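Trainee: Each chain, letter by letter, is given below.
Number of protein chains: 4
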Amino acid sequence: MNACIRAIVRIGIARGLDIYGIYGGLQGLLDKRFEQMKARSVSNIVHRGGTCLTTGRSEEFREEEGQKKAARILKEEGFTGLFALGGNGTMHGMTKLQRYWEGQIIGIPGTIDNDVYGTDYSIGFDTAVNNAVEAIDKIRDTAQSFDRVFLIEVMGRDSGAIATHVGIACGAEIIIIPETTTDIEDVAAKINAGKRRGKTFAFIVVAEGDEEGDAAEIKRKLSGKIVEDCRISVLGYIQRGGNPSHFDRVLATKLGAHAVDCFFKGESGVMVGEIAGKLSATPLIDTISKKKVVDIYLLGLVDALSI
Amino acid sequence: MNACIRAIVRIGIARGLDIYGIYGGLQGLLDKRFEQMKARSVSNIVHRGGTCLTTGRSEEFREEEGQKKAARILKEEGFTGLFALGGNGTMHGMTKLQRYWEGQIIGIPGTIDNDVYGTDYSIGFDTAVNNAVEAIDKIRDTAQSFDRVFLIEVMGRDSGAIATHVGIACGAEIIIIPETTTDIEDVAAKINAGKRRGKTFAFIVVAEGDEEGDAAEIKRKLSGKIVEDCRISVLGYIQRGGNPSHFDRVLATKLGAHAVDCFFKGESGVMVGEIAGKLSATPLIDTISKKKVVDIYLLGLVDALSI
Amino acid sequence: MNACIRAIVRIGIARGLDIYGIYGGLQGLLDKRFEQMKARSVSNIVHRGGTCLTTGRSEEFREEEGQKKAARILKEEGFTGLFALGGNGTMHGMTKLQRYWEGQIIGIPGTIDNDVYGTDYSIGFDTAVNNAVEAIDKIRDTAQSFDRVFLIEVMGRDSGAIATHVGIACGAEIIIIPETTTDIEDVAAKINAGKRRGKTFAFIVVAEGDEEGDAAEIKRKLSGKIVEDCRISVLGYIQRGGNPSHFDRVLATKLGAHAVDCFFKGESGVMVGEIAGKLSATPLIDTISKKKVVDIYLLGLVDALSI
Amino acid sequence: MNACIRAIVRIGIARGLDIYGIYGGLQGLLDKRFEQMKARSVSNIVHRGGTCLTTGRSEEFREEEGQKKAARILKEEGFTGLFALGGNGTMHGMTKLQRYWEGQIIGIPGTIDNDVYGTDYSIGFDTAVNNAVEAIDKIRDTAQSFDRVFLIEVMGRDSGAIATHVGIACGAEIIIIPETTTDIEDVAAKINAGKRRGKTFAFIVVAEGDEEGDAAEIKRKLSGKIVEDCRISVLGYIQRGGNPSHFDRVLATKLGAHAVDCFFKGESGVMVGEIAGKLSATPLIDTISKKKVVDIYLLGLVDALSI
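Residue numbers (our numbering), protein chains in the order written: chain X, 81 to 387; chain Y, 81 to 387; chain D, 81 to 387; chain B, 81 to 387.
Hints may be right or wrong, so weigh each one.
The list makes no distinction among identical chains, and a pair is therefore deemed to hold if it is satisfied within one copy or across any two copies.
Simulated crosslink set (EDC-like; lysine to aspartate or glutamate; CA at most 16 Å straight-line) [as the list claims (entries may be wrong)]:
id : residue 1 : residue 2
1  : Lys358    : Asp200
2  : Lys148    : Asp221
3  : Lys270    : Glu182
4  : Lys358    : Asp375
5  : Lys299    : Glu115
6  : Lys358    : Glu288
7  : Lys270    : Asp309
8  : Lys279    : Asp227
9  : Lys305    : Asp263
10 : Lys358    : Asp341
Worth flagging that the hints you see were computed from the coordinates, not collected in a lab.
As the structure is a computational prediction, the values presented were derived from the model and not from experiment.
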């Protein structure tokens, strides 16, 4: 996120804008926690995880009353545009705000889940997957030494994007995600068959939001069906954070720059993104009504890759 | 472990020994899974986590019958010495084996828990603590952005060594370990006081084996007593594995070399170690009957460090 | 590379092929260093840098005689297809081999320089840029503490791809690459202006193959023109190696799978790639006659980003 | 350094002191760049490399006049003690300052070179060695794939401490340091013998300050004497920086706490340290007149380890 904030601030200033940061997300807007950002305000953050503006959830904004209040504040303060970084929830909130405020709203997809329609990648996804992969590379050393089956839970409440990439990158036998139907018998059969073929250990990667349950639940369901019990590892918060990858920093910079561009072109009610290598602007309404699809091609490779 | 195996093999060979590796730990010994190790057998492993010899638990060896069988095999195969890498369980097993076999037994402390008496550090501890610290540095980015209390569980069934080092290194408000009495009211009071002093987030590091329970249990007990609910992160298996730190590689090399030295000096029934900067050999019986103490000085600093 | 080899071997076998690995690159082919690959031959390599098949340059293959010999060997051994991983040099060699051998030749772009026409990214680029970025993040700690100008040399004999991504990701003031004209006076003026605006330190990222010279040469030319002397850091070999990023592992897997697909479709004389999110096959002749262009959009952002 | 500053500030405040930070080192003292440090001033720095107080060299302080001025300023401002973090140069400066100022001076060893007499380890050494080891682990992937000899230069102008630890940890064939006599013929003979024994690649680790020259110079001298030319890698600034290891953070915390302790005990003209596991205070005069010795035991293992 920081690389994106830096790009908006510096490119905005270079092009003549006055830029204010809102601390603490939408609740911060309602609490008028603004601060003018100068070029030096965003020094030395391009390489840091998290966000220098902090963030937070807002119950108040969920209500129509809160949305109207936010619009009133933006108007009173004389703001003419709002750059909103976040995931599906943020884009949803922006479609509400649009009803009551006539300033230019430009969304920027920032969520590790990569489940926002309108961009191939959202900011944070690449780093999160690398974090998960690094963690699993470590578990591999243990798995190898001990001949074990590991059931590894990664983030993804509604989306298997992280699980799919992590699973392919770590050589998982099986990838379990919400977008596909999970057949526990089939999972067990594959693990047992792998053991018979001489595999000494196996990874199952599961997205937290699978319809058969999280890692603990799936372990319970597999119990007795596979030769040996599996160990669980829930990666959790370590998937976030850490210095971002170059991919995320470059993407964040491009999307920030493009957001400023869109502002000067007079666009509003759009989310910027990158689709098939091209910078894009998708109507906010599409980002919340359309569903991003999982990479079927990658999923189709898993069985052959783990023979 | 690999750096230690490499040191034993190469220094052993350089000094004229024939060295055999036993695959799969004590069960591997019972199953006669030996293989002669050449200098090239241990090429390219000095920087790898885990162990090239694999490991495993043995139910059979726990029984007197198994111990006698192991002794018989060692004798039949003509082995004159045994280097045993492991933690308290391994050292305990060696004291049993000693009863039935007259070869030279030399233990080497290898366990991430650092709970073996007879050495300041055991092989693997430094890497495990660095792994945990890196993971928590990532969580810090999230904690900072969201103003949260994090309850982080690290390894340590009977020992607070990892928790103590991790806690100091990560600036934890509170370190909860089995060696000290945990007072839940006191923990809650400290967290609340920190919030009042303006701390935006806090880390509590808890060893899995604390007498008040693991992280989930302690979270339950804290519930309602602290201003805001805490998040849990169980680091688990990612604490093992990964390329070892230089400290562990150098320690493993020194202890391996010293073990070969001890063998040539005719020592037996000892565990090598490093105490106050000096290579040492402690009777195996001491390693299992005496308890390593936790670093009280470090624990005493926590309150002042988190004002 | 390993993830790609693994994909070819396993998917190839799953689809009925017999796969042989050639050790030591084209010279290995001339020396008949083949070995049949089984599914288990590529176990436990998906996460490793380098290549399990080793590599090497071949003087012999550069001559027509060598190319004919290679063709003869491939024919005699009964091979029907060849998957060749490498950069521009490899693709060039394949266009030669095509003249004398009628088997199917399928190239796969694997070079950290990302300078091969016919794919948006080549295998290894993402990891190399992340390695460089991590190194520079460390240098940043020193630069910040000491108020210095750092001139950092990254790989790229003919291409500024690495330098451009590294420069944007690390917040460089200036990016110096072979594809654009370097004006030393302008470089000095920007550094001095940054100092005047209050910047405490600055990074200049230079591709090794810039027309004004490498980092040492450019430092010499800047000497006396900037307020304070700059320090040099040549990243060199640390840009290669290390566990690959998920991006590279996933890309390598997709390209390997696609190469096998292309083989079954009867294609030959092509290089697989991914262009704008779609798997592609570009005639080998195009990959060596056309030049990949640098990302002008990114370069255009540098000045505004470093105000 | 940051973990040490944090420890001094918070423990000092907890025990009733007013603590001021001096920005920019000794020159900062001469320029009166002080700022009172509160407990919150050192929030969120325990995990960061570099120093939040910045640093710098001072020509002015090298002259007697400058030393007197520093003493005058310390007196006028009413300071009663000075905690000085640094290497041999800093300790040397403190012995000068002592002559003109009667406040309590307590040195703390902070230098990656680990060449300060009076402590087993100085702050920063462990992290620097890990940084170097991680870099070389990456180079290993390349070395393995290409069968090469690598000559790697690490920091150490007068000291082989980094080179020795790095060399052992990375499995170097040869370690070249200023403390021992380097015999180029012998180096070449060992490399050639290793090749003959079937070693596919080799690492030579050289400290920058060896009497036979730096890596470039030694490469030149080896040229023609070894079978194949060697590649050079100068690690340089990447050895500094990066998030510190737990070892360094814990050591820095202990030494900071101990420094405050020493202040309350009325000690002056000493440098704190840890020797054989015990916190210590060594007269400053000894730290500059006595020389720390290199670990002969480790060096003695190199030949056997690389058979």
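Trainee: Each hint needs a verdict: does it hold in this structure or not?
Mentor: Hint check results:
1. Proximity of lysine 358 and aspartate 200 under a CA criterion of 16 Å is satisfied in both settings, with 10 Å inside one chain copy and 12 Å between copies.
2. Taking identical chains as interchangeable, the C-alpha atoms of lysine 148 and aspartate 221 are never at most 16 Å apart, the minima being 54 Å within one chain and 32 Å between chains.
3. Taking CA atoms no more than 16 Å apart as the test, lysine 270 paired with glutamate 182 passes in neither setting, with 56 Å inside one copy and 40 Å between copies.
4. In this homomeric assembly, lysine 358 and aspartate 375 come within 16 Å of each other (Cα to Cα) only across copies, at 12 Å, whereas the closest approach inside a single copy is 19 Å.
5. For the homomeric pair lysine 299 and glutamate 115, neither the shortest alpha-carbon distance inside one copy (49 Å) nor that between copies (36 Å) is at most 16 Å.
6. Taking identical chains as interchangeable, the C-alpha atoms of lysine 358 and glutamate 288 are never at most 16 Å apart, the minima being 31 Å within one chain and 29 Å between chains.
7. With identical chains, the CA atoms of lysine 270 and aspartate 309 are at most 16 Å apart within one copy only, with a shortest distance of 14 Å there and 40 Å across copies.
8. Taking CA atoms no more than 16 Å apart as the test, lysine 279 paired with aspartate 227 passes inside one copy only; the shortest distance there is 9 Å, against 30 Å between copies.
9. For a Cα distance limit of 16 Å, the shortest separation of lysine 305 from aspartate 263 inside one copy, 12 Å, qualifies, whereas the shortest one across copies, 42 Å, does not.
10. Within a single copy, lysine 358 and aspartate 341 get their C-alpha atoms as close as 14 Å, which meets the 16 Å cut-off; across copies the closest is 27 Å, which misses it.
Hint check: violations occur at hints 2, 3, 5 and 6; the rest are consistent with the structure.
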